[in-house]
Amino acid sequence: MELAVRNLDLSFIQTTSEGHALRGINLTVKEGEIHALVGESGSGKSVTSTAIMGLLPSPPARINSGEIILGGTDILSLDEKERRTIRGQKIAMVFQEPSKYLNPTLKIGEQITEVLKLHLGMDKEQAENRALEILDMVGLGGGKRILKSYPHELSGGMKQRAMIAIAISCNPSFLIADEPTTALDVTLQLQILKLILNLREKLSMGILFISHDLRVVHDISDRVSVIYAGKIVETAPKTDLYSQPVHPYSNLLLQSIPDADKRGSRLITIAGKVPDAENIPPGCAFHPRCPYAMDICREKDPEMKPCGENHLAACHLTDNRN
Amino acid sequence: MNLLLFVLKRFLRLLLTILIISTIIFFVIRVIPGDPALVVAGIDASDEEIQAIRAKLGTDAPVTVQYARWMRDLVRLDLGTSLTSGQSVKALIRQRFPLTFTLAVLGIILGVIIAIPLGVLSAVHRWSLWDYLGMVYSQAGMAIPSFWLGIILLLLFSVKFPIFPLFGSDSLKNLVLPAIALGFARAAVILRLTRASMVDELSKEYIITARAKGLTEKMINYKHALKNALIPVVTVTGIQFGYMLGGAIIIEQVFSLPGLGRLFLYAIYQRDFPLIQGGVVFIAVIFSLTNFIVDIFYSVLNPKIRIS
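Going down the list, the protein sequences come from chains A and B. For our numbering, add 5 to where a residue sits in the first sequence, where the first one is 1. For our numbering, add 58 to where a residue sits in the second sequence, where the first one is 1.
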């Protein structure tokens, strides 16, 4: 099932100020596609994913406009009860730190089967059998023992596998993976990435992969969107983005990856930081940090324009190219 | 680690605690000035009489011998004989304990029945009517001294509206007012803790997972958060119960109930050393035993605890 976010505009209302967290997000994740959303901390990655899940507390969050379309239905128009039946069943989510995101006092089995019982109406035995299948699928063999284990009895990698097992238990058509490998060491990262690729294949889910780690994104994604200050500034197929980034921000992000070949040279960093949602600069939000900023960048916010096949970027520099 | 081994380890720890406490109380009693033989004999007794009483009490032997006897008697569950009443300490405690126990059970049940539901509702519906009710209650519960509440309850429900008896201790009806006076303040403590613990759990990451799974609010609050939130509540409730089992001196005075608290209080007034000694050991045993039971409960609630 395809998931499309259309012009999603969202604010956080505080007593004295308003934070414009998402400024018209457009994002399409096709069936079976792994779409990475990359950006610095505070750029709006997690707000986007939480908004798709429908887990943002309102207030303070307020959706100003936009649609989130899953399989033809705008899920923002559904009531809370209908959204709840979608969560965990059609859209599922895997989080960053499995040791915090698993309930410490419930057995893994219970944490998996409760979803199956709730959404699919399975009885205890059916749910347990299904749970064993899923554990096998995520590479936790000897499932019976795992079902009876508490989270603290599993290693970090096993916990993340269990987390994934919970997420995919109802065969969701769409999965959000919010930095699922960040808390793991490098060898485990690779295993988990392989598992996610493998599951995408088997279940043909669309995956929104949220990360700040461009190397991980390179390993896993089909398509990459770069987000800055609540706005997508560039979106392209992975190979295009890594070989010909158009937006100066994407370019700088890619240059700031440490590279063994460039050992000894100074690592490129981007000066400054992501603006607060309360104080988005006028014009292009990136202009204060952009080495190529022109007069127009301070006044006019650039629109997304095509600059290649399936490749869009929001930068005034592209105007001069044509 | 499995539960059985855990229980065994905790039980050994319990025995060790009792051994240490009984040793301490043995020496403390002997360091305190005052010869029990003089208390028994009275001022006019002759030296020979006092010597005879010392021999009878066993206090003429060297301290090491006395300690060995004390330990031997403890193992045989013999706490000695009261100096003032001549009855065995064990018999005296046995007479008084049922009342104290019933009072403590009623008090804690009352406390828990008020505190846990109100604490949970306060946390789940923050800033709602429930929450304000909970806040008012916990303020009042902590501010009002239990003896004052006891007196007011007596004046109201035994004197003005004679629903409950003013004196006596033979029926459950006699224990209702003291249990309220005792449980009221305990409930305030448990309520505050329940609310704080529940609020804390509801802000944890695994609650986000539970929401992402599409669980209902009921499942999130009562299945996921409550079990974790109750862990500290069980501990504190258990400790409170342990305190109450040692006897509620003030409440027993106010309601003139012949419980353990009053027994030990009189023992101190009358320098009844064996009774003081036996009483302290008894309280220590009861307290450690409740802690032991709480620990086991705790490990059922929180599987992580069994590792450490």
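Because the hints were derived from the structure by calculation, they are not lab data. Glycine included, C-beta positions come from ideal geometry on N, C-alpha and C. It is possible that some hints are incorrect.
[Stated by the list, open to error] Covered by chain A, per the in silico footprint, the following chain B stretches (three or more residues, Cβ under 8 Å):
(1) 258 to 269
(2) 275 to 288
[Claimed, not checked] Sample of chain B residues lacking proximity to chain A, with all beta carbon distances greater than 12 Å (derived):
(3) Met129
(4) Gly272
(5) Val358
Cross-check of the supplied hints:
1. 258 to 269: holds (count 7)
2. 275 to 288: Coverage by chain A holds here, the residue count being 5 at a Cβ distance below 8 Å.
3. Met129: holds, 41 Å
4. Gly272: violated, 3 Å
5. Val358: violated, 10 Å
Of the numbered hints listed earlier, those contradicted by the structure are 4, 5.
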